[in-house]
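Participant: Sequence:
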Amino acid sequence: MKTVKIQFVDMPMEFDVNDNFILTMLRKHYEVELTENPDFLFYSFGGLEFLKKQDCVRIYVGGEPIIPNFNDCDYAFGYVTDLSFADRYLSIPEFLAGGNGYDICKGIEDRRAVNNQMLNRKFCNFVYSNRKGVGAQLREALCKKLMQYKKVDCPGRVLHNIDNVLAPRYIASKDAKYAPASVDGESNAEGLAVLDDSWHVDKRRFLRQYKFTIAFENVALEGFTSEKLYDPIHACSIPIYWGNPKVTERFNKDAFINCNDYDNDIDKVVRRVIELDQDDEAYMHMLRQNPVTDKLDYHGADRLEEYLVHIIEKGKILVRNQDATDAWPHISLNAAYIWRQNGWDPLVEQHIVTPPASYQKERTVGGLISAELTRKQRLKEAWKIGFPNSFLLAKKIYNKLR
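Following the numbering used here, the numbering of the sequence shown begins with 215 at its first residue and continues without gaps.
FYI, nobody ran anything at the bench for these hints, they're computed from the structure. Do not take every clue at face value.
Unchecked claim - Okay, derived cross-link-like pairs now, DSS-like style, lysine-lysine, Cα gap no bigger than 25 Å in a straight line: (1) LYS216 <-> LYS267; (2) LYS336 <-> LYS365; (3) LYS242 <-> LYS216; (4) LYS242 <-> LYS528; (5) LYS482 <-> LYS267; (6) LYS320 <-> LYS219; (7) LYS509 <-> LYS320; (8) LYS216 <-> LYS482; (9) LYS320 <-> LYS242; (10) LYS320 <-> LYS460; (11) LYS364 <-> LYS425; (12) LYS364 <-> LYS336; (13) LYS364 <-> LYS267; (14) LYS216 <-> LYS467; (15) LYS358 <-> LYS336; (16) LYS267 <-> LYS336; (17) LYS528 <-> LYS365; (18) LYS336 <-> LYS482; (19) LYS266 <-> LYS219; (20) LYS266 <-> LYS482; (21) LYS460 <-> LYS219; (22) LYS425 <-> LYS482; (23) LYS482 <-> LYS320; (24) LYS482 <-> LYS358; (25) LYS266 <-> LYS242; (26) LYS509 <-> LYS467; (27) LYS358 <-> LYS267; (28) LYS267 <-> LYS219; (29) LYS467 <-> LYS336; (30) LYS336 <-> LYS359; (31) LYS467 <-> LYS359; (32) LYS365 <-> LYS267; (33) LYS242 <-> LYS219.
Unchecked claim - Simulated restraints on C-beta separations: (34) ASN330 <-> ASP475: 20 to 30 Å; (35) GLN351 <-> THR217: 21 to 31 Å; (36) THR217 <-> TYR512: 29 to 39 Å.
All of these numbers come straight from a predicted model, not from anything done at the bench. For glycine and all other residues, C-beta sits at the position ideal for the given N, C-alpha and C.
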């Protein structure tokens, strides 16, 4: 078989560079060589190492609510569903929601386990250790409101009120090549923290003990739906969801509590939860609903495998706008990393991580920020990308990345 030279850099903490879904797919078609001098570079949001790799095809690996910057990468695949850019982008949200590539769709529509005994479960849970982002603030406020009605069990660091019965999510590795700035928002000086797969199993087992699960994303981005919704659905616990404005395209609106239906009014959401908790028939009706629509992507893994082969077969042809590298700060991909390293204001994290899709489509995809722009003009463009609350922060990021 043909030999393909690849490398992984700046990947998230849970990604095993020696054993992952990308390697598994490629090894079906090629002899894969992991090397420091790759022809194809896979990178993500975990750092800026990718900038050192110029003479290779760069492929951005999604998995967080971050819109790819096509001045930085030749190809990308990720969560965002309303982004289209010829063959340079592939949307596979359901597959990527599985973290390191496990099949999150398998069995998700199966409601055979639902029974009336589930009415006797504990009320609600809140499993979070991160306080950063708009969604984090909203879910904490909702949890406190619900606690005025009944106890909500919180095993995580946020609002912690019961012993943490879940397996450790991360295992420190002192042999790591780089150390992420944080694990669930806390300092990580031990080195790369590797995801422990048993955590996902334990989490779903834990959620299954509850009638409701608070399922808020950290940020709201169209097309981005994470395990925060998938896990309670698998566990037959009704999600109280906030996040993707288009979530009902793939998930049945009658199978969960969607905060968008209540204009994100916490008091209205709380009243709806109480109604369902006190009305057994209405609760069971919602729980028995098929949770997904026919638009759920059951074939994301197959499409990704075909896409990777397509990229490899095109050869070592760079299609990114390399002339824009000096003119365009790498905000859309790696500002979250820069923010963590410098301890900047967490209240604007959502602006750093999620520049408006319209901006990316109109400017980044076409590579329209010219190297001929003056420094003042480029600073203005950096501000417009999504920092209306902090021009000083935009300036800091620009100076850090220029």
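Participant: Compare the structure with each hint and give your call.
Facilitator: To see whether the hints hold, each was checked on the structure:
1. LYS216 <-> LYS267: Roughly 23 Å between the alpha carbons, so the hint for LYS216 and LYS267 holds.
2. LYS336 <-> LYS365: holds, 9 Å
3. LYS242 <-> LYS216: holds, 11 Å
4. LYS242 <-> LYS528: Holds, at roughly 17 Å.
5. LYS482 <-> LYS267: violated, 51 Å
6. LYS320 <-> LYS219: Roughly 32 Å separates the two Cα atoms, so the pair is violated.
7. LYS509 <-> LYS320: Given that 25 Å is the threshold and the Cα spacing comes to 15 Å, the pair holds.
8. LYS216 <-> LYS482: Violated. LYS216 to LYS482 sits at ~59 Å, over the 25 Å cutoff.
9. LYS320 <-> LYS242: Within the cut-off at roughly 22 Å; holds.
10. LYS320 <-> LYS460: Holds, at roughly 22 Å.
11. LYS364 <-> LYS425: Holds - the C-alpha atoms of LYS425 and LYS364 are around 12 Å apart, at most 25 Å.
12. LYS364 <-> LYS336: Distance of about 10 Å is within 25 Å: holds.
13. LYS364 <-> LYS267: Violated, at roughly 54 Å.
14. LYS216 <-> LYS467: violated, 47 Å
15. LYS358 <-> LYS336: holds, 17 Å
16. LYS267 <-> LYS336: With Cα atoms ~52 Å apart, LYS267 and LYS336 exceed 25 Å; violated.
17. LYS528 <-> LYS365: violated, 57 Å
18. LYS336 <-> LYS482: holds, 22 Å
19. LYS266 <-> LYS219: holds, 17 Å
20. LYS266 <-> LYS482: Roughly 50 Å between the alpha carbons, so the hint for LYS266 and LYS482 is violated.
21. LYS460 <-> LYS219: Violated, because 38 Å separates the two Cα atoms, which is more than 25 Å.
22. LYS425 <-> LYS482: Status holds; Cα separation ~19 Å.
23. LYS482 <-> LYS320: violated, 33 Å
24. LYS482 <-> LYS358: holds, 14 Å
25. LYS266 <-> LYS242: Judged against 25 Å, a Cα distance of about 29 Å means the pair is violated.
26. LYS509 <-> LYS467: holds, 13 Å
27. LYS358 <-> LYS267: Violated: LYS358 and LYS267 sit about 47 Å apart, past 25 Å.
28. LYS267 <-> LYS219: holds, 13 Å
29. LYS467 <-> LYS336: Roughly 24 Å between the alpha carbons, so the hint for LYS467 and LYS336 holds.
30. LYS336 <-> LYS359: holds, 17 Å
31. LYS467 <-> LYS359: holds, 23 Å
32. LYS365 <-> LYS267: violated, 52 Å
33. LYS242 <-> LYS219: This hinted pair holds, its Cα atoms lying about 15 Å apart.
34. ASN330 <-> ASP475: 20 to 30 Å: holds, 26 Å
35. GLN351 <-> THR217: 21 to 31 Å: Violated, since GLN351 and THR217 (Cβ atoms, about 50 Å apart) do not stay within the stated range.
36. THR217 <-> TYR512: 29 to 39 Å: Roughly 32 Å apart at Cβ, these two residues keep to the hinted range, so it holds.
The structure does not agree with the numbered hints 5, 6, 8, 13, 14, 16, 17, 20, 21, 23, 25, 27, 32 and 35 stated previously, though it agrees with the rest.
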